[in-house]
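**Q** Given next are the chains, with one letter for each unit.
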Amino acid sequence: GENVEQHPSTLSVQEGDSAVIKCTYSDSASNYFPWYKQELGKRPQLIIDIRSNVGEKKDQRIAVTLNKTAKHFSLHITETQPEDSAVYFCAATILYNNDMRFGAGTRLTVKP
Amino acid sequence: NAGVTQTPKFRVLKTGQSMTLLCAQDMNHEYMYWYRQDPGMGLRLIHYSVGEGTTAKGEVPDGYNVSRLKKQNFLLGLESAAPSQTSVYFCASVLNPGAGYTFGSGTRLTVV
Chain E
1 GENVEQHPST
11 LSVQEGDSAV
21 IKCTYSDSAS
31 NYFPWYKQEL
41 GKRPQLIIDI
51 RSNVGEKKDQ
61 RIAVTLNKTA
71 KHFSLHITET
81 QPEDSAVYFC
91 AATILYNNDM
101 RFGAGTRLTV
111 KP
Chain V
1 NAGVTQTPKF
11 RVLKTGQSMT
21 LLCAQDMNHE
31 YMYWYRQDPG
41 MGLRLIHYSV
51 GEGTTAKGEV
61 PDGYNVSRLK
71 KQNFLLGLES
81 AAPSQTSVYF
91 CASVLNPGAG
101 YTFGSGTRLT
111 VV
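Quick note, the sequences are listed as chains E and V, same order. Here the first sequence is numbered in the working numbering, starting from 1 and rising by one per residue. Here the second sequence is numbered in the working numbering, starting from 1 and rising by one per residue.
To be clear, the hints were calculated from the coordinates, so they are not data collected in a lab. Hints are not guaranteed to be accurate.
[As the list claims (entries may be wrong)] With a Cα cut of at most 27 angstroms, we get these calculated DSSO-like pairs of lysine-lysine:
id, chain 1, residue 1, chain 2, residue 2
1, E, Lys-57, V, Lys-71
2, E, Lys-37, E, Lys-58
3, E, Lys-111, E, Lys-71
4, E, Lys-71, V, Lys-14
5, E, Lys-37, V, Lys-14
6, E, Lys-42, V, Lys-9
This one's a predicted model, so the numbers in the text were calculated from it and none came from an experiment.
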């Protein structure tokens, strides 16, 4: 099955700086890559996703890039704010396979 | 529109006891999933369902059973709880794969 590795496990940045979280996946057939944000004690919530037919996707301060050849994808957060502090999870799956695998998570802390 | 509702929110079980976790969604979603979340391991899929009356095993199904007798409900059962099943359990649903999952608020289960 798919194996997703996520780095770093913790990340601390100053407010206003950028943050980058990287994930690698093992199954070259995977074609859907969502990112979830989980605030302390809350449920995971989708923040952005990308399909394998696209190399990059942006939504305001967040963006995701995908390198299919290298089998890795990254989350980029620009102009970070304290409310960006949370655990971020990447995931990978083959659409309609229903076996989405998650990375272990990155705890992002944005210091004011 | 409540989204995805999980009950109970917290539970302490003794080793060997049984219990059922209930997940209910009011979004007419076909696909429903049960995940467990453990520190440093992200979210791991236990069982899932692609429609009423269907269930399938995920990554870590041992020790759990599920049922989907009604489209809106997905039940997770522990027949004989073990300390290794201490975890936070999340239910999720989606109308079609390729869209973001909607997660429930989680059930924190402790087995002593």
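**Q** Now tell me, hint by hint, if it's right for this structure.
**A** Hint check:
no.: 1; hint: Lys-57/E x Lys-71/V; result: violated, 33 angstroms
no.: 2; hint: Lys-37/E x Lys-58/E; result: holds, 16 angstroms
no.: 3; hint: Lys-111/E x Lys-71/E; result: violated, 31 angstroms
no.: 4; hint: Lys-71/E x Lys-14/V; result: violated, 43 angstroms
no.: 5; hint: Lys-37/E x Lys-14/V; result: violated, 32 angstroms
no.: 6; hint: Lys-42/E x Lys-9/V; result: holds, 12 angstroms
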